[in-house]
Amino acid sequence: MTTAIEQIGRSGLHAVRASLDTLAFAFKILARMFDVRAYNSAVRMVLINQIYFTSVQILPLFLAVAVIFGAIVIGIIGQYLIHLGLFDYFGQLLMGFVVTEFAPFITVLLIALRSGSAVNAEIAVMKVNKELNTLHVFRIDEINYLFLPRILSGILSIVLLSSLFSIIVLASGLIFSSLLFDMSMNDYVTALLASAKFSDLIVMLIKCAIMGFFIVMIPIRYGMRATDELTSIPVSVLHGMVNVFIAIMIIEVVSLIVVSSISKFI
Amino acid sequence: MALKTEWKVGLFIVLTVLLILAGLGYMAYKKGFFQPENAYNLSSRTGDGLSVGMPLFFSGFKIGKIVELELSDKGMVMIKISVPTQHAKWMRSDSKFVLEKPLIGSPKFMVITTNLKSSLLSANSVAVLTEVNDINDAIQKIQPILEQVAMITDNIERLTGSLADPEGDMSKILNHTQKLTGSLSSKKSILEMAVGDEKSVQAIHASLRNAQNITDQVGQLLKKTDEELYGKNGIIPLVIKILRELVTNLGKIGKTLDNVEKISSDTAESTKDLKLFRSEVDSTVNSLNRLINELDKKIPFKSEQKIKLP
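Same order as they appear, the protein sequences are chains D and A. Just so we're aligned: 129 in my numbering is position 129 of the first sequence, and the numbers increase by one with no gaps anywhere. Start counting at 1 in the second sequence, then tack on 266, and there's your number in my numbering.
Don't read these hints as lab results, they were simulated from the structure. The beta-carbon is built from N, C-alpha and C at its ideal position, and this holds for glycine as well. Some hints could be false.
Chain A side only, calculated, beta carbon under 7 Å to chain D, not exhaustive [said to hold, decoys possible]: (1) Phe278; (2) Leu285; (3) Met293; (4) Asp492.
Computed Cβ-Cβ distance ranges for the label pairs, DEER-style [as the list claims (entries may be wrong)]: (5) A:Asp314 x D:Val189: 51 to 61 Å; (6) D:Ser199 x A:Glu366: 19 to 29 Å; (7) A:Ala404 x D:Val242: 54 to 64 Å.
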């Protein structure tokens, strides 16, 4: 009994310590992010490459997913609203659900699955191959050269791709609502504008930036935890990705609380 | 390759940012963020229900919002509202500003303009905000009902008190009812209870029996009368037979009368001919008379006047 309680306590302490370490690492990265000296030409080059790998390469797939998901979601939402006699809430649901919740979530999932796992594996491999030690030897700051461009790329990619996803979904919604529900362009735009709030959009963008930060920072953190053994690479990726999903859920819940609090005050 | 990557990334960032800005700009334009606004001042007795950013409605449409709330030196709440220029036409000098506090839901701030020909509301003037409180109205409407309910409960209380009081009206009624039911249980019938005397009851029974005999006799009499009237050899069938024969005979008489009528019309025609003949004979006789007179005048020697008629 005592051993079991000790085990729970040990696990709890370990979880708290790990969370605090991750937060400390996050603050360290944040502090470096606002340091202008960190952005030399090499870092800028890595940043451009990371944005290219994270955002530009995924673009065709991402656009296709946005159009398909947009059509499906708008079709389902519209049908249900007509069925329930609540089609007046169509614009509100598009802005409140599709733009502020669905678009960031799908974007984050896609980027986390594609780039988060890649970054995690990349850092873990570098750790196993002792490339990080080599950087230390050459006095190259790993945070500036490796981590900062990837995290900045994650933030920028999520913010831009989420916004692009929302715009594409809303544009495809215009076509599909016209085809499926015989809704004119003017009615559609009026419904969207009536429901659109700048505060919601700003919260959405901030949420995207925070998610972008964590879905790259957490895999980097877990990649750094890899040992000298090759078998530690998949373990670090596994832990990293699980924690990324936990972080996404926590950020979603916190953002919902923040949005509801803001809407109470406004 | 590096240049190509940079170009692609740059294009992606620029296009996406432009799209986002265009979307936000369009939204801001449509929501009237770039429109010039007019400011107006209102005063209110209380700031309860008012808040900065609260929308101003006209005919159900949002046309402005509260931008500032402050307390004046006289203790009045000064409200500054902002209305886009395109909606300024609804703000007239005789417009009424109302804060409606519904029974359920949040307060609604609105302007009511009935006369669009009156002058525009000046930015320097201070209009008065009227408060329409559904809760207070509801309480005022409920107040008389509550008073009536209170009266009813008082009456109920008096009734229950009267019921509980052994000397009360209800107790007296119950006592009388008890006596009545006791008396009813000691009598043989309700009739005896009503008349109070057994001999009288027997007399009524005898009368009823006599009445029954009389009705029996009347029944027999009616049966006999019915037989004589409506029986096989009764009066009514005989009358019906006579009437039928009469109808047949009347039919025959009708035909005869028709013939007579025809004959009489023929006779009338003949009479017309006779009259003509008569007039002709009359004229002939007159002519002959005139001829004879002429002959008498011309032949005086003839002793015997003879005229040969045609």
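So, going through the hints one by one against the coordinates:
no. : hint                            : result
1   : Phe278                          : 5 Å, holds
2   : Leu285                          : 6 Å, holds
3   : Met293                          : 6 Å, holds
4   : Asp492                          : 76 Å, violated
5   : A:Asp314 x D:Val189: 51 to 61 Å : 38 Å, violated
6   : D:Ser199 x A:Glu366: 19 to 29 Å : 26 Å, holds
7   : A:Ala404 x D:Val242: 54 to 64 Å : 57 Å, holds
Hints 4 and 5 from the list above are not met by this structure, while the remaining hints are.
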